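S.K.: Letter by letter, the chains look like this.
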Amino acid sequence: MCRLALKSSDTPFSPYEVLQAMEAMQEGYDGSGLGLLMRGVQFTDFNYEKDKQVILSGIAHTEEALSRLNGLMEARGFIQKYDHEFKVHPEMIEASDRFKYIVRVYKKPEGMSEADLEESLMQTRLFLRKDGEDHGGDLTVFSFWSDVVMIKEVGWPLAVGDALSLNDNRIMARVVMAQGRQNTNYGINLYACHPFFIQGISTMTNGENTAFVPIKEWLEGKNIPGYTGYQSDSEVFTHILHYVIKKLKLPLQVYKHVITPLKSEELNNHPQGDFLQGLRVACRRLIIDGPNAVIGTLPDETSMLVMDAKKMRPATVGGKPGTWAIASEMCGVMAMVPDRDPAFDFQPMREHTVIIPPDRKELLIWTQFDPFTLPQAA
Amino acid sequence: MDSVRSVYTTPSSLTYCDLPWIIQHREDRCTLCGRCTAVCPVNAIYLTYRRQRVPKLDVLKKKRGNEYRHFVGIRQHTSIAKKCIGCGMCSSVCPNEAIGPVPNTNEHRTVFHQNQKGEAWKRGGRRNKSGATILDRIAFDRISMLTDPALDAGRHEFSLNTILGRVLPPEEFLRRKSAGEWIPPTREIFPFIIGSMSFGALSPNMWLGLLQGVAYCNEVLGIPVVMATGEGGCPPWVLKSPFLKYIILQIASGYFGWDEIIRAIPEMQCDPAAIEIKYGQGAKPGDGGLLMWFKVSKLIARLRGVPEGVDLPSPPVHQTLYSIEESVMKMIQTLSMAFGFRVPVYPKISGSTSSKAVLNNLVRNPYAGGLLIDGIDGGTGAAYNVSMDATGHPIASNLRECYLDLVAQGRQNEIPLFAAGGIGKNGNVTQNGMALIMLGASGVHMGKYIMQACAGCLGNEKGRCNVCNIGICPKGITSQNPKLYRRLDPDDVAQRVADVFMAIRTEMKKIMAPLGRSQSLPIGMSDALGIDDADVADRLNIKYIC
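Quick note, the sequences are listed as chains A and B, same order.
Oh and the first sequence: position 148 is 148 in the numbering used here, straight run, nothing missing.
Oh and the second sequence: position 202 is 202 in the numbering used here, straight run, nothing missing.
It should be emphasised that the hints constitute simulated quantities derived from the structure, not laboratory data.
Don't take every hint at face value.
Said to hold, decoys possible - Going by beta-carbon spacing under 10 Å, a handful of chain A positions derived as facing chain B:
{"#": "1", "residue": "137"}
{"#": "2", "residue": "277"}
{"#": "3", "residue": "281"}
{"#": "4", "residue": "287"}
{"#": "5", "residue": "288"}
Bear in mind the structure is a predicted one, so any value in this text is a computation, not a measurement.
Ideal placement from N, C-alpha and C gives every residue a C-beta, glycine not left out.
Only chain B is shown next, with the shape it has when bound in the complex (with noise of 0.2 Å):
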């Protein structure tokens, strides 16, 4: 036995089965052909040579002695930085299944070890909370069968649009028609928006085929599907082009890009479909906005007007946060003149126990087109694992009071509200976002869910991936470079677009036809709603069901 001093340890040492991805590698079927290893996006694997003493004893001739065999294999790094992330491209890659990684079930040792050289752990991704969420629970159980005629969801006419932007009450938009005056703009758009993900963060092919399959759901299949960007900006040639009537502008408290949109609007040959003001996001409450240095390359740079290859954090606030009502006048009110009062301009905040008090700002602001509420669950190309995982408020209660709050003061139809945050989480989206359209939402917006069914994102909520903030996202979803974004077909990717939109609208036909709902979306419509859970039901204000 080696002595204690003698084994190399140090607090961060860890061995493989301390890693929450655990490599297997079959050794009989490798043909070394070392693909895996040149494909793993963090160098987790590595090939090398192995010595075995094999133990030989020769009983006749009473000799003891040794043989050596050699062997080739691939092993797992044991570093922080190394560590595998379960993405499983080593075994997409392997021509004869001979390596994957598979989930440590047992605790793993890295959680502790996050913070070398004292920084906190930053990562992208999703919130880790794996398992059912409130809104995968929510039934719709009020169903017209007996009691009337259901409706065919293969063959009746539905009507699935929502409305984006500021709703006059009835009275004062008669009164204004009378008098010419001002009516707020207002567009008819699918309710399930694909939400802010910045040129930035999402490479440029997966950008240009979320666009390409926005503008084919418009164009061709009749689905007035729209897009958010992130913060930072928007492509020259977008601006310029009839598709940025799908287009959702975002402006965050960095301004990236906007010196791009500003001076584009006289150029522009349509209005955007909205603008978006960001003061917050589900994913890091209270944090600004995160582009890595390992993401901006040169044409980035660009676009947000800023030298290569450097950190680029927002600030928390924007620069003109004095009030609530400050920042919503100012704000809402030059983005409003700046497109001279034809675009829906609302803000987007994240989740928590004063969205509230920003909505009631906001009912009495003429000029706000909606409120965006993005839950704890909502994603994020980076931030820090503590703002992910803890902070925030989660979506169906949150936007369930703000709803309420409308219905007392009879305004549920003047101030949109916007849901997002763990929309589609566990696959169920259409069923999540109905719910949430049930519970008082005017429509849904969902990141992860399209980066995962239109572009084959690999990240999970047991911690798989969530690399997105580094730049070496092994579909090329989230990366700037070349070599792996190469690996998404931006056609591909407008296919599913074309796929996902296409099965969402079915499966709200499928949702509302048994409710013998038809003719408009049916916003608030609690009665139809039921959960196994008593204490849920009675902070939602729906049916306790069992």
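Bound-form chain A, shown alone (with noise of 0.2 Å):
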């Protein structure tokens, strides 16, 4: 099973502090492999900032494909500002074919309208992981947005974060996702490690997504760009996520409502009864089933928790304003922020999303119970 642990924090602090909190979860768990995302982006060697410029995150495993992707990204007239070094000890390394982690900072293209950038960054992305899947798979691209980075490895998390110095400061986030598992069900294929990412919405999740055939069929029939892959059955997830807040633009409380609908006996007391229903038949091929936690960011730093309608994957959100921490286990909490009072740690129902706002103060819980404001509701 995957271990999940996120941080967020005022202070940007190292993701070494989240690969810990997952050593501390090593019971009952699968520590086949390291998938890292990290907002909030502070460099020792280099001033970033976010609102000019963007990061790719990825691995070129061969020379020839590092050189492919330079001229590629300048084709594409993306110039580099920042290409952070990671201290890298192969030794330590499961694989063999890893030539160069990729953290490079580019100049954000200025004349663009908002939505033209983010739909140009992410076909970037499908074009650079497509070129790399031309190539024999010689280049893995993870992301390519604001702010993100993301790392991706096969083997035991703190022996990857080890492998890459993770621990020496040089590169800090406000918020750390991780997730400590390859697909080992099926093969190992890095584009199948959680958190999964889209257009700078990014989940992971532990457990299996039993109807994943049926959602994948239904998102590739959209035939919405990046809406690909599907190497793991929780890619669905994050593209949900995307579908629900990108596509139909509706507020965040509303994945609940998408992903793991009230009964009709519920939804008939419900203030927006009517509405719901109508969506929950509209939407119906994304009702996920299965174990399942979903941890997922989004741009504006926000962190959120949601559970399966059966809650059969626990999860713990706990922590003090300023720091939070979600853990598939309550001692990842704990690794994560010992300070605070565990008294206050939740562990959200079937009914919960539980969010961490971006100012941190406290923890938001909205229940799929509650009514919301929304003018198609009205």
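Join these two chains into a complex; the hints should help.
M.R.: If you want it as structure tokens, here you go:
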């Protein structure tokens, strides 16, 4: 099973802290890989400005791939501002074809609308990914977005952190989400490792999504660029979140109503029951099934946690004003925020959405039984 | 030896061992009560006196002679009209287990003579092809046990219902909701539906029993079962009752019963569950409904607005049918409008290689509420044998093709596909239905299974009974003769309907729990299916397992 850990803090911290929390949760978990996403990024060697720059994350497996990448980015007009050099200990890495871990900062293109820019960044990521796949998988690209760094690698999570010297504080972040498993159910594929990312939205999940195939087929049928991949059944959670927020332009509260709608008898008594019943019908192919805790983050550094409708994969959230943590085990929260009051830890039930807002002052806990304002539901 | 010319024989002369069913009668047990001959629906047996010569030889007196013994026994007619149909009613009434039909294991001659006076063989029942179907062979093989905690079919909560009616794409739903525009009606129903069997085809007691059972399922058990009328309308008291919401009203090419329905609209307490427009059915594709004169009783004649005792063959196509586009547009839109756009309207077609053409047309029609495809194994009250046995398309690949076509267009959530034709043919109703659901159906319709399980229909795929067409159903299920249908107690039927749906509900959970599914019906979850035939697996786009 996947270990999940997320920490969100007002002051940037080392991602290594989150890896140590995963170490605390090692019992009962697979430790076959690491997926790491950072937001609110700060480099020691470079003054990163999120409004003006975007970050490309990935792996060049060969020198040839790296030089091809350089050429492709240049041809697309992206100007490189910073290239983060990890202090790599290759002997500690299980895989041998890792020529360079890429975390590169580029100047944000100017003169584009926000929507065009978002589209352009995603198309560039998809283009690079396709290019890597066309060349025998010699280039892997995880994200290309403002203020997002992603690392994915095979191996014991803490060992991967050591191999990349993540404890040297040269890269820090305000939000770090980490997942500790490669997709060992099937073939190892770096793209199958959580967290998944699309246009600033990212989620990671533990547990199996048994409704994967019908959901995947539906998402693919929408022909929305970026709804591809699906090396893991959990990738659909990210795309559903993206679909709800970006395509349907609905508030975050509605995500839970889409993936685990309330029953008819419950909706009959809901203030927006009529709208939600209609939404449940329209989005019924997006109803998830299976034991899952879904942890996600958004571009404004909002973090969220939701459960499947059976709550068969519990997760805990805890912390104090300014610093919060979400983990698949209570001991993970303990490791990330040891000086909190555990009495205020919260384990969401099936109807809850837990939000760590960008101001990190207090947790927001929404339930699906709450009314919310929405023009469509009026 | 008699001369050849003195033996009475015609081309259609048969002996009892040429018939599909041979009556075995034990003289030593028979009390001559006569119940068997009285109950036989086709008068296949008769009581008769026989004389037996017993040669007598007195050796001491050197005399030869004969003695004659007389005995009374049951004999079997050998004419085609009175051949035994194997229903076994004689055994069910015999107090001494002295009589019963046994299947003729050799080939039998009657098939060559079922066209007396040039009448091609018409019968009721089903496609007489026995053995495991493709659906029976599909296994649910994607078991979540160690990869994740399995669900508990007995204790966890399951969402088993499906949606009938046109579903808008989410973007369009939100747009219309904001603009206050029309949202197509949908119904949340149980995915196993009692398929179309008309009020003329079924006896009043059968119909009443089914409706009572359906109401009980909805109102007491919380299983939202719906049932479809066939062609031929609906009794006026049902139209004006609150039970109408459990009923899918069918309109077919004869339009029988629709005068009553349209007149009843102002007095309806609730809307029907849906309207089904029958363009075709699996048992007799390209052929209209047929209610033979035997069954056109006074009541049926009144409901259908026709004289008593005449054959009622519906035309093969609707009178309005000029093209798919025109028909779909006219009929779906007209019926939607008749019910104030509050009731889903969908067509029923027979499985065929042209199903996809119909489907693609429906996708472009904003009023179409679904598509029901009835495969070759569908049953019927009356049809030509050749239509039933040899015309049509099996449901599995037909349904799957249509579903994958929708998937390719990204429209699989919009037009719910319903499948019918042989579901539960060998008793595996839930397994068959769930296999079709995972192949892409939103639900299944079943008719024969309901008759067999809820009313004790005696028919099978080996030619047993199959006399639904001529109103002599020995169980009173498909007869309009009060002497016969009084045999069927509606309360008992209702009880069995409840039994059947409770059991299906449990079995659905037993299938879904190991697959890790509980939140929604696993429509299109083809990754859970496997079959031990590589060609079928390839055709259905599922796994080959062995």
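S.K.: Next, verify each hint and record whether it holds.
M.R.: Hints, one by one, checked against the model:
Because the smallest distance between the Cβ of residue 137(A) and any Cβ of chain B comes to about 25 Å, over 10 Å, the interface hint for this residue is violated. A least Cβ separation of about 9 Å between residue 277(A) and chain B falls short of the 10 Å threshold, and the interface hint therefore holds. At a threshold of 10 Å, the smallest CB-CB gap from residue 281(A) to chain B is about 5 Å, leaving the interface hint in force. The interface hint given for residue 287(A) holds, since its Cβ lies 4 Å from the closest Cβ of chain B, which is under the 10 Å cut-off.
Restraint check, residue 288(A) versus chain B: the minimum CB separation of about 7 Å is within 10 Å; hint holds.
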